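Numbering (the numbering used here), first residue to last: 1 to 597.
Don't read these hints as lab results, they were simulated from the structure. Only a predicted model underlies this, so the values are computations on that prediction, with no experimental measurement involved. A virtual CB, placed ideally from N, CA and C, is assigned to each residue, including glycine. Incorrect hints may have been included.
[Said to hold, decoys possible] Cross-link-like lysine-lysine pairs, in silico, DSSO-like; alpha carbons within 27 Å at most: (1) 311 with 214; (2) 70 with 90; (3) 551 with 474; (4) 90 with 103; (5) 278 with 400; (6) 454 with 507; (7) 165 with 154; (8) 214 with 165; (9) 551 with 463; (10) 383 with 311; (11) 77 with 88; (12) 278 with 311; (13) 77 with 103; (14) 454 with 433; (15) 311 with 165; (16) 581 with 474; (17) 474 with 454; (18) 383 with 551; (19) 425 with 323; (20) 88 with 154.
[As the list claims (entries may be wrong)] Per label pair, the in silico range of CB-to-CB distance: (21) 269 with 378: 24 to 30 Å; (22) 214 with 428: 42 to 48 Å; (23) 395 with 581: 30 to 36 Å; (24) 81 with 228: 40 to 46 Å; (25) 211 with 395: 41 to 47 Å.
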Amino acid sequence: MFKIITFHIFLALTLFETSLCTLNALDYQVEFVGNLENETHILLEETSQLSTLQNSPASSAAALQRRADKDISNLLKALQSQAYYGAKVKTSINFDLTPAVVKIEIETGPIYPLTSFSIVSSKETVNDEDYQYPFASIDIQDLEITINNPAFPKDVLNAEEILLKRLEREGYPLAKIVQREVLADQTSKSVSVTLHLDSGHLARFGPTSITGQKRVQDIFFCRKITWQEGALYQPEQVARTLNALEASGLFSSITIRYADEVDENGMLPMNITVTEAKHRSIGLGLNYDTDLGPGLSAEWENRNLRGRGEKLSFVTNLWLRKKEGTLRYTIPDFYRPRQDLIWTAEALNLDTRGFEESSLSLSGIIERQLNDNIRFSYGGMFKRLRNWDSDNNGSFNLLKAPLQFMWHKTNSLLDPTQGSVVLIKSTPTLETKSPRFAYSINTISGSIYVPLRKDQRFVIAAKATLGSIWGANKHSIPPSERFYAGSDNLLRGYRYLTVSPLNEENKPIGGRSMMVYSLEARMRFSECFGFVTFWDIGNVYANSHPQINHKQLQAVGVGARYHTPVGPIRLDIAFPLNPRKHVDNRFQIYFSIGQSF
1 MFKIITFHIF
11 LALTLFETSL
21 CTLNALDYQV
31 EFVGNLENET
41 HILLEETSQL
51 STLQNSPASS
61 AAALQRRADK
71 DISNLLKALQ
81 SQAYYGAKVK
91 TSINFDLTPA
101 VVKIEIETGP
111 IYPLTSFSIV
121 SSKETVNDED
131 YQYPFASIDI
141 QDLEITINNP
151 AFPKDVLNAE
161 EILLKRLERE
171 GYPLAKIVQR
181 EVLADQTSKS
191 VSVTLHLDSG
201 HLARFGPTSI
211 TGQKRVQDIF
221 FCRKITWQEG
231 ALYQPEQVAR
241 TLNALEASGL
251 FSSITIRYAD
261 EVDENGMLPM
271 NITVTEAKHR
281 SIGLGLNYDT
291 DLGPGLSAEW
301 ENRNLRGRGE
311 KLSFVTNLWL
321 RKKEGTLRYT
331 IPDFYRPRQD
341 LIWTAEALNL
351 DTRGFEESSL
361 SLSGIIERQL
371 NDNIRFSYGG
381 MFKRLRNWDS
391 DNNGSFNLLK
401 APLQFMWHKT
411 NSLLDPTQGS
421 VVLIKSTPTL
431 ETKSPRFAYS
441 INTISGSIYV
451 PLRKDQRFVI
461 AAKATLGSIW
471 GANKHSIPPS
481 ERFYAGSDNL
491 LRGYRYLTVS
501 PLNEENKPIG
511 GRSMMVYSLE
521 ARMRFSECFG
531 FVTFWDIGNV
541 YANSHPQINH
551 KQLQAVGVGA
561 RYHTPVGPIR
571 LDIAFPLNPR
581 KHVDNRFQIY
591 FSIGQSF
């Protein structure tokens, strides 16, 4: 009983004290007085604690006065950011009104121009040849500074950043601003700025140490490091090394640092610190296609098989009418940096309206990345292929030489919202059995992504795909090697792989050329959810060149997107505008991971 009474007494006292505080709280309003530009007025309101805390009444008149006094220095700094270096701020409070009125009187004065900007060395004596004023050749216009423009502090800070980055590019990564001297002359109403710079010594890449690795061998890092010991320091080489290590997928964190000083030979020791990620992964997924039915996908990957970044992966996709599996082994930096050797074994069993296929292939491809945007690949492949239920049943032993060129400049591989891609493929093919024949499958595609808003939540995406098969006559070419459209990324809405010339039984027989276009409007409503509308148009033709005057098949549709770290989950429904009798359904549904292009 005693404990309960004590609790009630304590609660009553607490409520009583809270009521007293509420009664003593002082509501107020804020008024800015002065000839202010709209932008300056908004800035002052955002800076003023009196304004931002207006919904939190002061506990007393003295507390409100303290708020007003503290506001003066904040407002003066805000005015100086607008180049008002002679501004005056005065506050007064009328407690007789309810609520109280806080008047903030602003006298901005004139905008002060920047009349002088200079850079001087912080060294008193300069005897070392490495201290030969590396900044002497830098013009202030290179720093985006214009004399007699308003002396905005942000411009000075931006100039410092540009200066240090330029010195770093010229081999002075240890450069630093020792002192920033800003003088506002109240007589001439102008500002002069002097930067005291310590450029540091000219630096060359020194020895590199690796820390944090456990299962990744040092030789892997040696192949990824793009700088040469003894070469002039270049930040671009550091960035390329960082990108190469990140792209390997072997590390959860990577930090590249350099020492605080160069050694007696002008060498700058480097250090790479990493935290290894899990090198093995496994994944499962679900797919759905109106023609193929429900599907299951599974994958397994080891990204560090022998300690040097070798990658072994297995991927399988199983539908009712399509079954495929791919085993791939990648050797990174094969004989040279940014060049990989990729061994691939693939098996496929496919049942379509125009043909059935069973195939097994083995390929060795060398893939080389020339720069951040361009990569190409070449190699050889042997494919054992069997077709039946088609216009050319039989078995084929095909020797191929795949060639590929890609130009890629987008902001994301998984879900691009800006940039463009060009992909060119050519696959010369030889039938090694008698009767021998040869042909070449060639395609070129281009995609472009244009954001219509700065936040890139509304994007227009477009893609064009052209193809042509040269060489042997159409009947000799295996049916599954010909062109067909009608899929989740090539002319949606039409029955799977049926867009091609048809025979008298309305069965697709494949074509020797194709031309397909896609246009999408992609809208993202939140971090996770998005919506898509699209229009596809195109066809596949019997001749080796597209027939522009031939009828084009069109489709429209809508889709939903659920965005994840590994790419968007996609659900599309497409409606053919030119359905072919006894061939196409009224709509097609696609469910998978990744954008259509």
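The hints, checked one at a time:
Taking the CA atoms of residue 311 and residue 214, the gap is about 17 Å. The hint holds against a cut of 27 Å. For the given pair, residue 70 sits about 11 Å from residue 90 by alpha-carbon distance, which is consistent with the 27 Å threshold. The straight-line distance between the Cα atoms of residue 551 and residue 474 is roughly 21 Å, inside the 27 Å bound, and the hint therefore holds. Simply put, residue 90 and residue 103 have alpha-carbon atoms about 8 Å apart, close enough for the 27 Å limit, and the pair holds.
Taking the CA atoms of residue 278 and residue 400, the gap is near 36 Å; set against the 27 Å cutoff, the hint is violated. Between residue 454 and residue 507 the CA atoms are separated by roughly 48 Å; this puts the pair beyond 27 Å, and the hint is violated. Our distance criterion of 27 Å between C-alpha atoms is met by residue 165 and residue 154, whose separation comes to about 17 Å. With a C-alpha separation of about 34 Å, the suggested pair residue 214 and residue 165 falls outside the 27 Å cut-off, and the hint is violated.
Restraint check: the Cα-Cα separation between residue 551 and residue 463 comes to about 20 Å, which is no more than 27 Å; the hinted pair holds. About 23 Å separates the Cα atoms of residue 383 and residue 311, which keeps this hinted pair within 27 Å; it holds. Proximity of residue 77 to residue 88 is assessed by CA-CA distance (about 11 Å); at most 27 Å being required, the pair is judged to hold. A threshold of 27 Å between alpha carbons decides the hint, and for residue 278 with residue 311 the separation of about 13 Å falls inside it, so the pair holds.
A threshold of 27 Å between alpha carbons decides the hint, and for residue 77 with residue 103 the separation of about 19 Å falls inside it, so the pair holds. In summary, the hint linking residue 454 to residue 433 is not supported, as the alpha carbons are separated by about 58 Å, beyond the 27 Å threshold. Only pairs whose Cα atoms come within 27 Å are accepted, and residue 311 paired with residue 165 is rejected, the gap being roughly 37 Å. At roughly 25 Å between alpha-carbon atoms, residue 581 and residue 474 fall within 27 Å of each other, so this suggested pair holds.
Between residue 474 and residue 454 the alpha-carbon distance is near 49 Å, which puts this suggested pair outside the 27 Å criterion. The suggested pairing of residue 383 with residue 551 is violated, with an alpha-carbon distance near 34 Å, which exceeds 27 Å. Straight-line distance between C-alpha atoms of residue 425 and residue 323 comes to about 24 Å, which keeps the hinted pair within the 27 Å bound. At roughly 21 Å between alpha-carbon atoms, residue 88 and residue 154 fall within 27 Å of each other, so this suggested pair holds.
Here the CB-CB span from residue 269 to residue 378 is close to 40 Å, at odds with the stated 24 to 30 Å. At roughly 45 Å, the beta carbons of residue 214 and residue 428 sit within the given window of 42 to 48 Å. Distance hint for residue 395 and residue 581: a CB-CB separation of about 34 Å, consistent with the stated range 30 to 36 Å. Look at residue 81 against residue 228: about 45 Å separates their beta carbons, and that is inside 40 to 46 Å.
A hinted range of 41 to 47 Å for the beta carbons of residue 211 and residue 395 is inconsistent with their spacing of about 56 Å.
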